Amino acid sequence: MAFLPELILLAGALALFVICLGESRAGQARLAALATALATTVACAFCLGQEAVLFDGAYRVDLFSQALKLVLACGFTLVALLSGQLTDILDEIKPEYFLLLTISVSGLLMLVSCVDIITLVVALELSSFPLYLLVPMRREREGQRVQMESAIKYIMFGVAANGIMFFGMSYLYGLTGTTSLPQMMVKLQPVIHSPLAITGLAMTFCGLYYKLAVFPFHFWTPDVYQGASNETAGLIASLPKVGAVAVLVRFVSLASPDNQTIANLLACLAAASMFYGNLIALVQKDLKRLLGFSGIAHAGYALIGFVTLDGTGYAAALYYIVGYLFMVLACFVVICKVSRDGVNVSMEELAGLHRRSPLLALTLLVGIFALAGIPPFVGFMGKLTLLSAALAKGYLALVIIAVVNAAIAIYYYLCVVREACFRDAGDQPPIRLDWPTRALCVLLITGILALGIVPGRVINTLSASIPCVSQPLPQTPPPLTAALKQNP
Amino acid sequence: MTVPNHNDSFPILSVLIFSPLAAAVVTAAIRSENLLRWWTLLATTAIALFSLPLYGRFDCTTADFQFVEHASWIPALKINYSLGVDGISLLLVLLTTLIMPLCVLCSWRYIQTRAKEFMICLLIMETAMIGVFCALDFILFFVFWEAMLIPMALLIGIWGGPRRIYASLKFFIYTMSGSVLLLVAIIALHLKVGSFSIPDMMGRGFAPEFQCWIFLAFFISFAIKVPMFPFHTWLPAAHVEAPTAGSVLLASILLKMGTYGFLRFSLPITPHATHVFMPYILCLSVVAILYGGLTALAQNDLKKLVAYSSVSHMGFATLGIFALNMAGVEGAILQMINHGVTTGALFIIVGIIYERLHTRDLGEAAGLGKYMPVFAMFVGVFSLSSLAFPGTNSFIGEFLVLCGGFAVSKTMVVCAVPGVVIAAAYMLRMLQKVAWGGANNPDQSHLTDLNVREILTLTPLLVFVFWIGLQPQPFTRVMHASVQRLLEQVK
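Chains R and D, in that order, are what the protein sequence lines are.
Count the first sequence with our numbering and you get residues 2 to 489, in order.
Count the second sequence with our numbering and you get residues 23 to 513, in order.
Rather than coming from a laboratory, the hints here were simulated on the basis of the structure.
These numbers come from a predicted model, not from an experiment.
In this text, a Cβ means the ideal position worked out from N, Cα and C, and glycines have one as well.
Keep in mind that a hint or two might mislead.
Claimed, not checked - Computed footprint of chain R on chain D; a stretch qualifies when at least three of its residues, placed anywhere within it, have a C-beta under 8 Å from a C-beta of chain R:
(1) 96–103
(2) 153–165
(3) 170–179
(4) 188–198
(5) 204–215
Whenever a hint applies, use it, and build me the whole structure from the sequences.
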């Protein structure tokens, strides 16, 4: 029973595969994806408290994984609602879009349960590869094949970052002789301050920096956001980041509780990401690029939670990224609907949105002000928890850098509000919203408000789930590692 | 310190804070524009009447917080939902509830487009403003403090004048940049104290250096809101571009939040630093008084004139606060109320002129007295009140502030006194032009005098001008014990 969400998701993926075999049946595929998402969410909520172990401890269901699975399933539902018309994707490959989406999410769902490097890598790749395929799935315009360029960039950076990550993992394996994370945590403690361990850890983080778009691995972000279709960009901007933060919690826990070098490294990357993202976002004209750079900055904010190297910080980072999921999707639903025929949306095209569709304007307003960190939205509470955690550990400089960045960022967020609410478009037709979009808007606004005003339960659950990460395995060393030992 | 001394459990403050929000939800469902206006007026008036028992049941003999409510909000972060008022915040809450119906009345005709959204913004503003004055938990305070920016920026940005976008962005960015360091200071205090409770943070005797940093973080945030001299540049832009109701809210309530912040946080939480920085702030106050006055003297735009006069008047308020004695602080609080009443009224007057003439230029709006005698009477009274004519409210406030200042630094007061004279100069200049004008006034014969709605808008403020001016006792009475406690904490 504990594996119900994964099973449902896999069954859904199989069903979608069958749908793909027939004639182009986009509507059916969409319904199937939506049904899978809803069923997974219900199953995740149902399995929240359960615990189980699979593959001799390589795959573990505990509070940490289940809480994140619930978040991911909710996010999947939202993304499935968001991917309504898919105006920019050819009709004959629309079912494949939903298939790849479902496979990618199932990879993410497995990722958060993996406590062994091997399964973790498999799950990580399972979640990544469909995304590589989704990016170029866009109609060609005026001979421009910007989506291809984006896809190549996405793959190349992905492969490079993963390569560095695998190299780092090999160091960790070499030091500890195990691929199981809980065992590694124990065995790494005596040698954690050795240069090899620190190098290994630092390189292992790189694959996740790439997913999260942290500073030196961010280069793909704006281009992929711009090149991919609006719906795909919304997906890439939201769900994989939750998975990345979850795995980062597992890896950074290896360096807990006190490894000043790792903490300093993370602090530097956080500061660099925030400054880079926010400063470059100031001059963006394309809304998706703007969100791309703001995403880099938000990755920096999330990293602040890891600098603390303690449970409070990790919980804060998780809470923040959960909030970010809602905030960024709120912005993307507006982009998808404002966009004419699926082309990218520039800032000017938002003009008069308040007249064209008040609900969309409200969604954008809530999403943008939440990203800017204005209470009572989740962005503020998220920043508050992150900054409290960091200041409690004495990182005053980092905290001040973060708030200075919040002040810088307010300008470009206000520019979006200015276009959407203060300017009038001439005679733009009103935007008609279908009911799934309306439901999505209401869900997102409620989510952003509820997570900001009554976050008690979410924070408590996330905090309570953090100790699961460092929980030792109840069983003997898994044979997977043993097999590797015999056959190096 | 937070022991409730009222046994009844009716959560009057929560009701006051959240009833505008509930009214806003109802407003969203109303379709008819006329009904919308009547409903908002009814709601705000009802809230104003509902806030009166606050004064009636207030116990003036104690400095403790009253009508206290306490509930756990986010236990994981030790954030509580706690509310309460004392002698310092009581009058400001009442001022807020008083001003709101007037704001609705003065936008009756002025706001023609998207009246529904306008009214919703006003009501959300009211929630946030009352919340700021009642919050006893620092995070709760900050949530209201920041949340207020969104409706205010929308009020300026959507319903404002020609340069509304610039003004709205400037207002938002200025205020927001000021308050980011406030957040850091709040977290730092939380880590020292272990809770976000404001009363718990008072009089803790933190290390002097720590106090200075906290004070500076507070100071930037509050000084921008007041606005004190070098941080005032957002004010004229925001005031000029905002719709009448927005200007009134800005002048009457939002500016008070800065000085309220000094009284509620800076003085009791960082008393040592207050003494360290006192001379500099007194200097800035005097500069603000003179600079605001001189700049107002040179304005031809009526709204700008009133806006710069605000800078000058708020200079008196900060001067009084940092005199750190009974007369000074009480005068400052009274000055805050006076400024809310008088400047709010002056902005409504400018709005009335603008509705009729579609200009705010002093040359174009000259000689109205002949055709609008009732209006001229109101202009006369509020101008006299603004220049602190004896018998009006501002006289009491400024007199007390100057008395308080005199006890601290004679030089400062001697420097500040010309500010009163300048105030007379710019206000009489305005009054003279608007009421009488010169030989070649533009033809104003088509103008009609005030209608009942406009008279109703201005009359409550007129009553308060004379009430505070002639009988200030009911107003100073409630603040006495709290100010006494405050001064003990600062010693």
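Hints versus structure:
Closer than 8 Å: that is the beta-carbon criterion, and the stretch 96–103 of chain D has 4 residues meeting it against chain R, so the requirement of 3 holds. Using a Cβ-Cβ cut-off of 8 Å, 3 residues of the stretch 153–165 of chain D lie near chain R, which meets the minimum of three, so the contact claim holds. With 5 residues carrying a beta carbon less than 8 Å from a beta carbon of chain R, the stretch 170–179 of chain D meets the three-residue requirement, and the given coverage holds. For the stretch 188–198 of chain D, the stated coverage by chain R holds: 5 residues have a C-beta nearer than 8 Å to a C-beta of that chain, and at least 3 were required.
Only when three residues or more bring their CB closer than 8 Å to a CB of chain R does the claim for the stretch 204–215 of chain D stand; here the count is 6, and the claim holds.
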